[in-house]
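Protein chains in written order, with our numbering: chain A, 1 to 313; chain B, 1 to 282.
Don't take every hint at face value.
[To be verified] As a list, the in silico BS3-like pairs of lysine-lysine whose alpha-carbon atoms are at most 30 Å apart:
| hint | chain 1 | residue 1 | chain 2 | residue 2 |
| --- | --- | --- | --- | --- |
| 1 | A | Lys119 | B | Lys269 |
| 2 | A | Lys229 | B | Lys269 |
| 3 | A | Lys28 | B | Lys135 |
| 4 | A | Lys67 | A | Lys84 |
| 5 | A | Lys219 | A | Lys229 |
| 6 | A | Lys119 | A | Lys28 |
| 7 | B | Lys135 | A | Lys67 |
| 8 | A | Lys304 | A | Lys229 |
| 9 | A | Lys91 | A | Lys304 |
| 10 | B | Lys135 | A | Lys114 |
| 11 | A | Lys203 | B | Lys135 |
| 12 | A | Lys84 | B | Lys135 |
These are computed hints drawn from the structure, not numbers from a lab.
Quick caveat: nothing in here was measured; it's all calculated off a predicted structure.
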Amino acid sequence: MANHSPEAAKTVEPLKVAKKSSILYSQKVAPYFFVLPFILSFLIFFAYPVLSAINMSFQEVLPGQVKYIGLSNYRGLWNPTFLKAITNSSKYTLFSLLILIPIPLLLAVFLNSKMMVAKNFFRSTLFIPALTSVVVAGTIFRLTFGELEGSLMNTIITSFGFEKQRWLGKEHLAMFTLVTLAAWRWIGINLLYFMAGLQNIPKELYESAEIDGASKWHKFSWITIPLLKPITIYVFTISIYGGYSMFTESYMLWNGNRSPNDIGLTIVGYLYRNGLEQNNLGLGSAVGIALLVLTFIITIGQLKLFGMFKKEE
Amino acid sequence: MKTTEKHKWSMNTVLLLLLFIVFAVFALFPLVTLLIASFKPAQELMRFGLNLRISPDIFSFKNYTYLFTGNSLYLTWYKNSLVITAIFTVLCLFFSSMVGYGLAVYQFRFRNFIFALVLITMMVPIEIIILPLYKLSINLNLINSIWGVILPFAAAPLPIFFFRQYASCLPKDFLDAARVDGTTEFGTFFRIMMPLMAPAFSSMAILQALFAWNNFLWPLIVLRTTEQLTIPIGLATLLTPYGNNFDMLISGAVVAIVPILLVFLFFQKYFIEGMTAGGVKG
């Protein structure tokens, strides 16, 4: 970035300056200069940490001394707590996919239809929860789903004649709360993705289908769904990543990662607990690598399922 | 025939409207309860939880006056959040527009390779590298400093991707004209191409500022002393196993949303473009 000095001289004698500092004018050198911030950041803050995580996962890291212990950390992962964390993260991902793909997709189609009014208003309103931080959202949900009789959820269900519940104290209800929180924050975002996808579908397709006498359902299932496939795959992929790396939601609902019987413990929560709270960097790194492998396998599997690799060379 | 058609239409419109009203209520309701709670004393919350009860005798601005005048650290956190968000957004946009532009405009040997690296970093959740990144930050003396929060994510892959897509659609004539005029390659980028990318900058500025403002996990690890915390981390520290400071938490949460909500109301278009940036090409 120390190239401002020749700029002043440039107007006086362009040619001479061009020769003197030809490096500033070289189209061969310039691209490397432009990508330099990424290269540096990639090497220092990505490649090195990834390699270091792989390395540490085979080590016992104690203050002042580091010792290779082979696969012990990975063997140490085979314990009920980590399996519970994997189960929780998987359930959370699965349930959020079941809600956060079909509902926003349908809402997007409805919002795009000629029959709908006040489209922009609803698009913006549904998006507002996405502006809140997980900390704010978590605070609201933790109080809404509180175990007190007067908390909002308990008021609602007792008015329908049900018993009040300890929402954050029971396994299924805890999962329900987490998924509701995810739905609240993400419906508006995924809606935007699907709407962007709908904009890319040529109108002529629908018009010619209408001429052929296709019903609304046929248009939806033969044109909309297949042509939304790329955006659906994208939303699917980011949802899987988001689901498996969920941590803050559970951190906020249960005072810093401490849920009863670990009903809210996630994979990243387990990593945080072992790696940072108990300072066991070796085991924590092994959790990280396990998460990487897991999300990678699931993503590849998912893309295979959608036939991603067949169609596009 | 025509009347029945019209009637059916309006019926569907009403049904759709009802459906969307349900979802809009679902979206706004929690925020409204938060707003109501922020005017109530915490004892009320501890006793009854979050609810819609509004009674004038318990309503007060006490929680808010405590935030701004009491000996709380809220204003310090707010200032930290503003500083980090501003520096992060400026650096991130500068770096990522540079890289994205470089990848879009020039033909060079490692271009595809570097772009592949950008995509790979996009595909790896950062949670995986937080432990080694934490260790590295200790060694680089970045712990408990705003630079520790900012630097590791300043050259972010998503905006690079977005700027690359945007820059590859820019007209090349300007570029050639500038070169003929004897402007340096970087000068061309800075003075001619950057202004042309203004819409991309708006979208990414909003997206990255929102990210920085709400970011949680990494600042939680890097920032160690209470004076250094950002709003989300500061608010989270109010919840402890020994008791929760709901007075400050609820009103603090409300005040934290205000700037984002304002930006959102005025720049919705850029918000929406920024948010859907990753999915444009599918």
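request  = Compare the distance between the alpha carbons of lysine 91/A and lysine 304/A with 30 Å, and conclude whether the hinted pair is satisfied.
outcome  = Roughly 21 Å between the alpha carbons, so the hint for lysine 91/A and lysine 304/A holds.
Pair hint outcome, lysine 304/A versus lysine 229/A [Cα-Cα no greater than 30 Å] = Distance of about 13 Å is within 30 Å: holds.
ask   = Given the proposed pairing of lysine 135/B with lysine 67/A, does the C-alpha separation stay at or below 30 Å?
value = holds, 16 Å
inquiry  = For a C-alpha distance cap of 30 Å, please report whether lysine 28/A and lysine 135/B respect it.
reply    = violated, 37 Å
message = Run the distance test for lysine 84/A versus lysine 135/B: straight-line Cα separation, threshold 30 Å.
response = holds, 27 Å
task = Take a quick look at whether lysine 135/B and lysine 114/A sit within 30 Å of each other, Cα to Cα.
result = violated, 55 Å
ask   = Between lysine 229/A and lysine 269/B, does the CA-CA distance stay at or below 30 Å?
value = Holds - the C-alpha atoms of lysine 269/B and lysine 229/A are around 25 Å apart, at most 30 Å.
query = If you draw a straight line from the CA of lysine 219/A to the CA of lysine 229/A, is it 30 Å or shorter?
reply = Satisfied, since the Cα-Cα distance of roughly 15 Å is no more than 30 Å.
request  = Decide if the proposed pair is consistent with the structure: lysine 119/A and lysine 28/A, CA atoms, cutoff 30 Å inclusive.
outcome  = violated, 49 Å
30 Å Cα cutoff - pair lysine 203/A, lysine 135/B = violated, 54 Å
inquiry  = lysine 67/A and lysine 84/A were given as a pair; does the straight-line alpha-carbon distance stay at or below 30 Å?
reply    = Within the cut-off at roughly 29 Å; holds.
task = Measure nothing beyond the straight line between the CA atoms of lysine 119/A and lysine 269/B; if it is 30 Å or shorter, mark the hint as holding.
result = Roughly 14 Å separates the two Cα atoms, so the pair holds.
When held up to the earlier numbered hints, the structure conflicts with 3, 6, 10, 11 and fits the remainder.
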